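Chain A is already provided as a structure; the job is to place chains B and C on it using the hints.
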Amino acid sequence: MFRRIILTLLLVFSLGAQAEKKVLTVAAYPAVDAIVKAALPAWQQKHPDVDVKVVAREYADHHTAMTTALATSSNLPDVMAVEYGYLGRFAMSGGLEDLAKPPYLAHQYRDQFVAFAFAQGGTSAGTAGGTGGQSAIPTDIGPGTLFYRKDILDKAGLQESDLTSSWDAYIASGKKIKSTTGAYLLAHARDLKDILIRANVPAGEGVYFDAQGKCVVATSPRFKIAFEQAKAVRGAGLDAKIGAWSNEWGEAFKRGNVASQMMGAWLGGHLSNWLAPQTKGLWRSAPLPGGINAAWGGTFFAIPARAVNKELAWDLIRHLTLNKEQQLAAFRQHDAFPALKAAQSGPFFEQPIEFLGGQKARLLWRDTSLAIRPTAVFKHDPIAEEIVNAELDLVLTRDKPIADALKDAGAMIDRRARR
Amino acid sequence: MTGTDIGQRPIGPIGVLTLTMGAVMMLAPFYFMFVFATHTRSEIFSMPPPLWFGEAFLQNLDILRAKIPLWRNLGWSVYVGLMSTALTLLFCAMGGYAFAVYEFRFKRALFGIVMATMLIPSFLGMIPSFLIMDFLGWIDQPRALYIPGAAPAMGIFLMRQYILSAIPRELIEAARMDGCNEFRIFRSVVLPLLGPVFGTLGLITFISSWNNFIGPLVVMRSVEMYTFPLALRSVQSPVDTEWGALMAGSAIAVLPLLVLFVFSSRRLIAGLTAGAVRG
Amino acid sequence: MLKASVPYLFLSPFFLLFGIFGIFPIVFSFVLMFQQWDPVQGMGAMQFVGLENIRFTLEDPWVWKSLGNTFWLAIASGLPQHLVAVPLAYLINEKLQGSRNALMGAYFLPYITSTVAIAMMFTTLFSTDYGLVNALLEALQQWPLPSWLIPQEHIDWLGTPETVKPVIALVVFWRYLGFNLILYVAALQSIPRELYEAARMDGAREWRIFWSITLPHLRPMMMFSMTLSVIGGLQLFEEPFILTGGKGGVEQAGMTTAMYMYRTAFEFNDFGLASAMSWLLFLMIAVATWLTNRAFGSQQESI
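In order, the protein sequence lines correspond to chains A, B and C. In case it helps, my numbering puts the first sequence at residues 1 to 419. In case it helps, my numbering puts the second sequence at residues 1001 to 1279. In case it helps, my numbering puts the third sequence at residues 2001 to 2303.
Quick caveat, the hints were computed from the structure, so don't treat them as lab data. Hints are supplied without guarantee of correctness; some may be wrong.
Using 27 Å as the maximum straight-line C-alpha spacing, the simulated BS3-like pairs for lysine-lysine come out as follows [stated by the list, open to error]:
{"hint": "1", "chain 1": "A", "residue 1": "231", "chain 2": "C", "residue 2": "2065"}
{"hint": "2", "chain 1": "A", "residue 1": "22", "chain 2": "B", "residue 2": "1067"}
{"hint": "3", "chain 1": "B", "residue 1": "1067", "chain 2": "A", "residue 2": "21"}
{"hint": "4", "chain 1": "A", "residue 1": "324", "chain 2": "B", "residue 2": "1067"}
{"hint": "5", "chain 1": "B", "residue 1": "1067", "chain 2": "A", "residue 2": "46"}
{"hint": "6", "chain 1": "C", "residue 1": "2003", "chain 2": "B", "residue 2": "1107"}
{"hint": "7", "chain 1": "B", "residue 1": "1067", "chain 2": "A", "residue 2": "37"}
{"hint": "8", "chain 1": "A", "residue 1": "400", "chain 2": "C", "residue 2": "2247"}
{"hint": "9", "chain 1": "A", "residue 1": "150", "chain 2": "C", "residue 2": "2165"}
{"hint": "10", "chain 1": "C", "residue 1": "2065", "chain 2": "A", "residue 2": "400"}
{"hint": "11", "chain 1": "C", "residue 1": "2247", "chain 2": "A", "residue 2": "224"}
{"hint": "12", "chain 1": "C", "residue 1": "2003", "chain 2": "A", "residue 2": "241"}
{"hint": "13", "chain 1": "A", "residue 1": "241", "chain 2": "C", "residue 2": "2065"}
{"hint": "14", "chain 1": "B", "residue 1": "1067", "chain 2": "A", "residue 2": "53"}
{"hint": "15", "chain 1": "C", "residue 1": "2165", "chain 2": "A", "residue 2": "400"}
{"hint": "16", "chain 1": "C", "residue 1": "2003", "chain 2": "A", "residue 2": "407"}
{"hint": "17", "chain 1": "A", "residue 1": "214", "chain 2": "C", "residue 2": "2003"}
{"hint": "18", "chain 1": "C", "residue 1": "2165", "chain 2": "A", "residue 2": "231"}
{"hint": "19", "chain 1": "A", "residue 1": "241", "chain 2": "C", "residue 2": "2165"}
On a predicted model such as this, the values are computed, not experimentally measured, just so you know.
So that you can see chain A by itself, here it is in the shape it has in the complex (with noise of 0.2 Å):
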């Protein structure tokens, strides 16, 4: 009777050992973890013996732990979910799994995507010193666009075009606005900056460094025109001085102080459910100004090269990207715009947006997300793009000559990035 037992329980055990389900680790951050938990359904219906656990947190604090995680090879999830900004460090780390190899051969995807965004991913072309691998699949990006407001234009007399025709256009059509309305043009002279400074970057360069890794900061065109172009723009006391996704930011748009800002598409949400309900209607999106096609920000996928899992992960980055339901539910739920050209059309595409006066803004965006070309990243862009505001500063509020700014600053980089 005993043996009995002990047998059925051996049994029991044993089969229960043998039904155990696999466990998918999912890394994210907010809004990604809720995109991906929302997709999970679906997949599972596919998956039926594998537990999904999506582990999130707070969007710094994420890139910090896969830091760490990568740091010590321990700790890895299975799919990682890296921002746009933190992509090129985690890409050329040699942490990451190469998707163009076998088993898979993500290049066979290429033409899916939008093309800026599956090449940033990637370590070749896309980025510096490569190897035509592929370290991360796009997911959502932020085409840049030009948000402004129609009913302060149209007080000034002005139409779109005088805003986006180029960048002196912009400036002038700022002087007007201020003098006739109070309002300021922009939120920040630096958003300015940072828009010319990405302006033509010839192919296989970065935005502070050439495709050799020498620093271009004091010798390109593009920082001179983008340091005089904010300068001005502050001389004729056309920025608001305002730092983004500040209270005064919020307040500024609600009392109508700014007339325009430019970022990701993805703002427009945002003003709508929370930053300026009030102002529904009163704004218009525009394509960038001078014709510049800019992203900002991006989610992508990887698969860490130590992590457990390494197919069942790559099987729920397809479904998360290629499947044109989920993207386009992500984009309705999240204003995730996807990265994924086939979800990029039909009828929520060429719906009227409200918010913006029944502008059909997202058939625009998907054209600037088209015409994005990619930039490379490099190591050193953090502390580039952080000496280069120093000199900005130094040159906006202590009326530091522009020349000098600029060759302090290529200093500064080159001792930085000699390391």
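Only chains B and C this time, still in chain A's reference frame:
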């Protein structure tokens, strides 16, 4: 008792005014945290911000509950806090006592080492700490949070200073002459007199454990095991934070600390050194 | 025989924990100072570079700037804390026993308020165009005060290098005053009441009592909390971080050394350099602590 000992002059009206203004300034952000917890994100993000309570508290709680298992996270925070406090009080009392009362070889050097450990900034130790936890198999376990820091140098230092100033040598000598062994003395004579400093150190330790999110960030792998501040942070997005829900969470997070403060401040004040006051 | 080992036994928990959890990170960090390491590339990517990191740190203008900021902030925020906390503790203990708990509670609240709430509060308060502080200053313009005292325009508190440091100092003062208050009140409990009674019966004035009886007894606690303020002040990270949005402010006016270290490690991905900086800071703190000890340690406990 202290209650009747007032001193010669009561404090003047200017003093009262200053103290009250000071107290108001201390209170204001705290007050606003609770007010914001009852408003929606859109209401908060405006100038002037709302000054009185709103009606969105339950709504905020729902948002929060949908994102994180908040009661579970709170539970972990409480558990880790209590364990941390209990261990710290004991170990630091022991260490502080040793430095305050005994003379022994290497005393200066050892105290120097203890002090030195206070000076090291914490976040560079993240990666090596992680390696240790991984090696010990303590990843995703609460003990990784309260054991490493269970004898903080700061606590030993505090205990030492307090014992030096509040426990007269005569008391200890008397007990020795009575034939008690050292551990007996520590347990029966000294420990009971540490009321105020236990209240203080306990409070500080619990708060510091409660607010620590770097530890759990490195060590925990699943949201169910997060402590509360980390869980709350995970709700923050670079552009999309639910401020109302975040404030509601922060308000909840602070309540246990308030309770603890009330509890320990009574110990602190009432823990009179009646026994130590001898001629 | 047994007697001699007793102190060591009492100290054993600390040294055991330190041995297991404390030594390795210190050694790791020390070794890291001589390496170039981008953590994302994994453990194997460490490259020995000798004294390069140290040299770079000593030559980096931002390091010295951040050290200057750090020392300024440590003193500007630390000194007022103690100058206010000590007399305040005395007053609360002697004169206001009735409302003692309530007052202590009120002053302690900032210490337990979450950093998110604090960030929101103070950035709102000091906002250039919509903040309460500027609104008050504007209201003061109505009063007959000399114009050099009251600024004519809205001050960009957090965006101007000269003003961001005082604001940070204010926030730190606000946050930790209550903490020190609690410590001092706890210490005051241990002063025998008979001393006070005797002095009062002798007709001594309040100020004399404070100076001759209270202060000497407070010395050990003062040394403790001053040391803590020195160490905490020199390691200041959280308050400048949240008030400058993690960036350090215009002209790095708000960037402390700890913050620069953090950014070097996690934003610029250079752990070796961050390590060198942390050891430099460690040296500074060690010296400052030693000086504090000399100033406040009494003969009884010369270490």
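(request) Below or equal to 27 Å on CA atoms is what counts here, so check residue 1067 of chain B against residue 46 of chain A. (result) holds, 25 Å
(request) Given the hint that residue 1067 of chain B pairs with residue 53 of chain A, test it: the Cα-Cα distance must not exceed 27 Å. (result) At roughly 14 Å apart (the allowed maximum being 27 Å), residue 53 of chain A and residue 1067 of chain B satisfy the hint.
(message) Would the hint linking residue 400 of chain A and residue 2247 of chain C be met if the CA-CA limit is 27 Å?
(response) Holds: residue 400 of chain A and residue 2247 of chain C sit about 21 Å apart, inside 27 Å.
(request) Take a quick look at whether residue 2165 of chain C and residue 400 of chain A sit within 27 Å of each other, Cα to Cα. (result) Cα-Cα ~22 Å, so holds.
(request) Sort out whether residue 2165 of chain C lies within 27 Å of residue 150 of chain A, counting only the CA atoms. (result) violated, 40 Å
(message) Run the distance test for residue 241 of chain A versus residue 2165 of chain C: straight-line Cα separation, threshold 27 Å.
(response) With Cα atoms ~19 Å apart, residue 241 of chain A and residue 2165 of chain C stay inside 27 Å; holds.
(request) Decide if the proposed pair is consistent with the structure: residue 1067 of chain B and residue 21 of chain A, CA atoms, cutoff 27 Å inclusive. (result) holds, 24 Å
(message) For a C-alpha distance cap of 27 Å, please report whether residue 231 of chain A and residue 2065 of chain C respect it.
(response) Holds, at about 26 Å.
(message) Check the hint pairing residue 324 of chain A with residue 1067 of chain B against an upper bound of 27 Å on the C-alpha distance.
(response) holds, 26 Å
(request) Given the hint that residue 22 of chain A pairs with residue 1067 of chain B, test it: the Cα-Cα distance must not exceed 27 Å. (result) Holds - the C-alpha atoms of residue 1067 of chain B and residue 22 of chain A are around 24 Å apart, at most 27 Å.
(request) Mind checking the alpha carbons of residue 1067 of chain B and residue 37 of chain A for me, to see if they're no more than 27 Å apart? (result) holds, 11 Å
(message) For a C-alpha distance cap of 27 Å, please report whether residue 2165 of chain C and residue 231 of chain A respect it.
(response) holds, 26 Å
Against the hints set out earlier in the document, violations occur for numbers 9, 12, 16, 17.
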